[in-house]
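Enquirer: With chain A held as given, fit chain B onto it using these hints.
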Amino acid sequence: MAAVTLTPALEDYLETIYGLLRGQPVARVRDIARDRGVRPASVTPAVQRLAQMGLIRYERREHISLTPLGEEAARRVFSRHQLLTRLFSEVLGMGVKQAEVDACAMEHNLSSEAMDRLTRLFEFMRSCPRGEADFLPLLHGCPVFTEGAKCDRRCQGESCASAAVTLATVAPGIQVRVERVDAVGAIRRRLLDMGFLPGTELRVERRAPSGDPLWLRMDGFQVSLRKAEAAAVRVVPLSAPDGEDPSPSGPV
Amino acid sequence: MLLAGNPNSGKTTVFNGLTGGHEHVGNYPGCTVEKRTGHYLHAGRSFLVTDLPGAYGLTSYSPEETITRDAILKGGAAVVVVVVDATALRRSLVFLAQVLEAGANAVLCLNMSDEAHQAGQRLNLPEMERLLGIPVVETVGRQPRSLDVLREAVAKAATRAAGPSRVVLGVRQERAVRQVCDLLLKAQSGQISRWRAIQVLLDDPAAVAEFSEGTPGAALTLRAVARVRAALERETGQQADLLMTAAWYGFVDGLLREVTVSGVRPDARAVSDALDLVVAHPLLGLPFFLAAMYGVFWVTFSLGDYPMQWLDSGIGFLASAIAGAWPEATLPVLRSLVLDGIIGGVGGVLVFLPNIALLFLGLSFLEDSGYMARGAFLLDRFMHRFGLHGKSFIPMVTGLGCSIPGIMGTRILENERDRLTTMLVLPLMSCGARLPIWMLLIPAFCPPPWRAAALWLVYFFGAFLALLLALLLRRTLLRGDEAPFVMELPPYRLPTWRGAVQKVIERSWLYLRKAGTVILGISILLWVATTWPQPRHYRVDAEIPRGEVVVTDGLQAANLPDGVVALTPGEVAHRRAAEALECSVAGRVGRILEPLLSPLGFDWKLSVALVGALAAKEVFVSQMGVVYALGEGEPEREHLRERIARDYPASTGVALILFLLIATPCMATLAVTRRESGRWSFAFLQFFGLTAIGYGVAAAARFLIEALS
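Those protein sequences? They're chains A and B, same order as listed. In terms of the numbering used here, the first sequence opens at residue 4 and continues consecutively. In terms of the numbering used here, the second sequence opens at residue 43 and continues consecutively.
Only chain A is shown next, with the shape it has when bound in the complex:
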């Protein structure tokens, strides 16, 4: 790993360029400017600096692409951003939008050691058989974590995961994450096909008059579910009711 010290601003630019280049062969100064919400004139010095450092190629003063060195660096920045986002959203149970914002704020100051450990944390959660089943649900099931309550031993030493809420009792407007699907048979199959999996985020949009059925907003589509079936889906309310569709955040 070449020791290239980038300022936070330059890192952001690199990140932007990387993002743009995933969809088109070259990035233009004006694309970068639009993406970052600045004027093209402000982009030029940064781009020149990056070119000086050998991270980008600056063709015809307009078209920008990444050098192999730059690609490496960009990827590192990008994965740091991703790890932090996942830390905030998946582990700490924050809404994805807020997680992104905070990730953006923190990523530049992350040491490589911190990044290393974070990577290992996620690797642990992915590979340890009990990581998926025990660690996160334990965390997300405890009111000390989810509500900031004081520990009152209501779980009596067992995990509070059993105190998790079901979709049937969630109030409209609340964003939740699925923890468990207890249904069986045809309804289970249907729920799984529709994407009701542990880790899926969704929002209870509203209820029909008389409280049944429920109207749920999933990722990219909306679904209606009866209370009786919703009761089979264990969920964890997320701290803040987010206003919009969550972006993909599948199971670990």
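You may find that some hints are simply not true.
[To be verified] If you want the footprint, here are the derived chain B segments under chain A, 3+ residues with CB under 8 Å: (1) 301–307; (2) 526–533.
[Unchecked claim] Taking beta-carbon pairs under 8 Å as the criterion, some of the chain A residues facing chain B (in silico): (3) 31; (4) 168; (5) 169; (6) 184; (7) 192; (8) 195; (9) 197; (10) 198; (11) 211; (12) 212; (13) 215; (14) 227; (15) 229; (16) 232.
[Stated by the list, open to error] A partial selection of chain B residues facing chain A, derived with a Cβ cut-off under 8 Å: (17) 103; (18) 132; (19) 288; (20) 291; (21) 320; (22) 321; (23) 322; (24) 324; (25) 328; (26) 420; (27) 422.
Derived from the structure by calculation, the hints contain no laboratory data. Virtual Cβ for every residue (Gly too), placed ideally from N, Cα, C.
Expert: Chain B alone, transformed into the frame defined by chain A:
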């Protein structure tokens, strides 16, 4: 090639765009799901397309999914095009993953890409193709030109075999799948697709049954598979089906992370959501729904009235023109056939074409815009109380246009009993064919300000009765478990004018064709039956010389001895014609039925018309037209309405309306019920049950009205 995908992905629009109307609609053998096939030409070659029913997964939990599953696994199609709603990628791509695992030679079609682009979504297509190993194209189903890329991709894909599946599951899942593959291969020679292995691993009943058949020693292998599954579940602490689904979602999420340049903007569905705030509001939702339904009827009745009047006068003009130009003496029989039988009969039904077209237009707009799903959402709790499913609402509303597509539409209900119940009560949703009847009878017995409300009431009563009957059925004959209610709510989409008009033309054309064939045929038949045999002497002619009847010009009504009736020459002719009618075959049949129907206040003329209505409900109107045209003695089309109003009291009118609403579903309905339910017994149950109920309700209503007035 096959077109597969989730429901609401625009598959059928793509199908229509590809085949351009060169399609054939039939049935899958051995079952009742609709099969649509068509063809198109590209680069000199002909491609056969089959539009598969929408499915959320390649499982066998409903007839549609089984069809799709079988077609993809066994069909031997050259190419499977997976049509996907580009704005709902995550879930849709899981279906694609399953198709890939099934070893299909797939092409991914990102439909509704215009909406996705507008919403801010940008994907790296070349990267996607590389990761999936299949061609990926973007289309806009509503714009047939955008389908050229799809045709190209399909043509290219057809020249190659399917590559190995690029779907990557988690480590443990992969290991388990491989183990099962090995086990299955040992027991059974031949290819085992990964998909089959996965299904056996998950203990899917259909896959297990398939495997057991024709494989000696299957039980041993299945036990070994069960051990693999148990080990997997123990290792992970999760159930196997969840693990697999999670693995697919994981794969899709990873894929999307790699290829998404920019995602869908959060406010992309702002308009749709704003609409839903009102439409699905806990308090406003239902009133809005009822208002919408009333609106459709109002448009049908009021707006349709104008073109209806024009058609009416047009046909009347035609009739009098012919009557004037064709002297009575020349070929009198043929003349009567044309004027009374054909124009009188078919004309009576054609006149209502504008109303029918408007009704179809209104309903198709509600359906295609996505509003129907909201309706089902609002009504589920209510329908559930009657033992029906919220989704039943959709075929039932379709039944308002015509029972036939309504009954066929019950296949969206996964539970057999829900389906049968909905099918049996569906004819109570007053269909389009009955509309001419209401347009005839309601104004006859109802003063103008109340007419729209009366029509609404008729429809409402039919629906209400349907629910009651459904409840009864669910408590008695069709008792059983209920299906889950998991229904997708598609975003509001403005239906294209072209699509809507096309649908309306299609359905109106069916109506016209029905008029041109069945109704024409029956009108002629009935004309024959009402004309012959002719009486040799007329009673009224005998009464005149005897002094029992005096012919006047209408003025000297007083000063007549008792028992003597004064008639104008016109009325005498009328009587003569009525007697001729009585003497005819139809008249005699009517007379025979009369005692049966007299509790309802029907006379033999109505009975005759009702018999005709068995074949097709519109025939009632046309037959009344024939009866009165002949009874008139002259082929002039005076308004039937007034004649009927004159001849029958309100109580009979109400009884008639009720009887026609409830009893004797038309032959076509019975045929479709038999086909969809697979049993004659259900069709008969429907027919006799509804007729008995109709009789009872009509008689009770008449009794009530007579008692009250």
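Enquirer: Please go over all the hints and tell whether each is borne out by the structure.
Expert: Against the structure, the hints:
With a threshold of 8 Å between beta carbons, the proposed coverage of the segment 301–307 of chain B by chain A holds, since 5 of its residues qualify and at least three are required. Residue count for the segment 526–533 of chain B with a Cβ under 8 Å from a Cβ of chain A: 8. That meets the three needed, and the coverage hint holds. Nearest Cβ of chain B to the Cβ of residue 31 of chain A: about 15 Å, over the 8 Å cut. The hint is violated. Among the interface hints, the one on residue 168 of chain A is violated; its C-beta lies about 19 Å from the nearest C-beta in chain B, farther than the 8 Å criterion.
For residue 169 of chain A, the suggested interface contact is broken, since its CB lies about 15 Å from the closest CB of chain B, more than 8 Å. The interface hint given for residue 184 of chain A holds, since its Cβ lies 7 Å from the closest Cβ of chain B, which is under the 8 Å cut-off. The restraint placing residue 192 of chain A at the interface with chain B holds, with a minimum CB-CB distance near 5 Å, inside the 8 Å limit. Using the Cβ-Cβ criterion of 8 Å, the hint placing residue 195 of chain A at the interface with chain B is satisfied: the shortest such distance is roughly 4 Å.
Satisfaction of the interface hint for residue 197 of chain A is found here, the shortest Cβ-Cβ separation to chain B being roughly 6 Å, below the 8 Å cut-off. The interface hint given for residue 198 of chain A holds, since its Cβ lies 5 Å from the closest Cβ of chain B, which is under the 8 Å cut-off. At its closest, the beta carbon of residue 211 of chain A sits 6 Å from a beta carbon of chain B; the interface hint therefore holds under the 8 Å criterion. Interface restraint check: residue 212 of chain A against chain B, minimum CB-CB distance 5 Å, threshold 8 Å, status holds.
For residue 215 of chain A, the interface hint holds, since its Cβ comes within 8 Å of a Cβ in chain B; the closest pair sits about 5 Å apart. Annotation: residue 227 of chain A was flagged as interfacial toward chain B, and the flag holds, the nearest CB pair being 5 Å apart, inside 8 Å. A cut of 8 Å between beta carbons decides the hint on residue 229 of chain A: the least distance to chain B is about 4 Å, and the hint holds. With a cut of 8 Å, the hint placing residue 232 of chain A at the interface with chain B holds, because the nearest CB-to-CB distance is about 5 Å.
Satisfaction of the interface hint for residue 103 of chain B is found here, the shortest Cβ-Cβ separation to chain A being roughly 5 Å, below the 8 Å cut-off. Interface restraint check for residue 132 of chain B: the shortest CB-CB distance to chain A comes to about 5 Å, inside 8 Å, so the restraint holds. The beta carbon of residue 288 of chain B comes within 5 Å of a beta carbon in chain A, closer than 8 Å, and the hint placing it at the interface holds. This hint holds: residue 291 of chain B has a C-beta 5 Å from the nearest C-beta of chain A, less than the 8 Å allowed.
Given hint, residue 320 of chain B at the interface with chain A, is violated; its Cβ is 12 Å from that chain's nearest Cβ, farther than 8 Å. At a threshold of 8 Å, the smallest CB-CB gap from residue 321 of chain B to chain A is about 11 Å, leaving the interface hint violated. Taking 8 Å as the C-beta cut-off, the interface hint given for residue 322 of chain B holds, the closest approach to chain A being about 6 Å. The criterion of a C-beta within 8 Å of any C-beta in chain A is met by residue 324 of chain B, whose closest approach is roughly 5 Å, and the hint holds.
Below 8 Å, beta-carbon pairs count as interface contacts, and residue 328 of chain B has one with chain A at about 6 Å; its hint therefore holds. A hinted interface residue such as residue 420 of chain B counts as satisfied when its beta carbon comes closer than 8 Å to some beta carbon of chain A; here the least separation is about 6 Å, so the hint holds. The interface hint given for residue 422 of chain B is met, as the beta carbon of that residue sits about 5 Å from the closest beta carbon of chain A, less than 8 Å.
Checked against the numbered hints given earlier, the structure breaks hints 3, 4, 5, 21 and 22 and satisfies all the rest.
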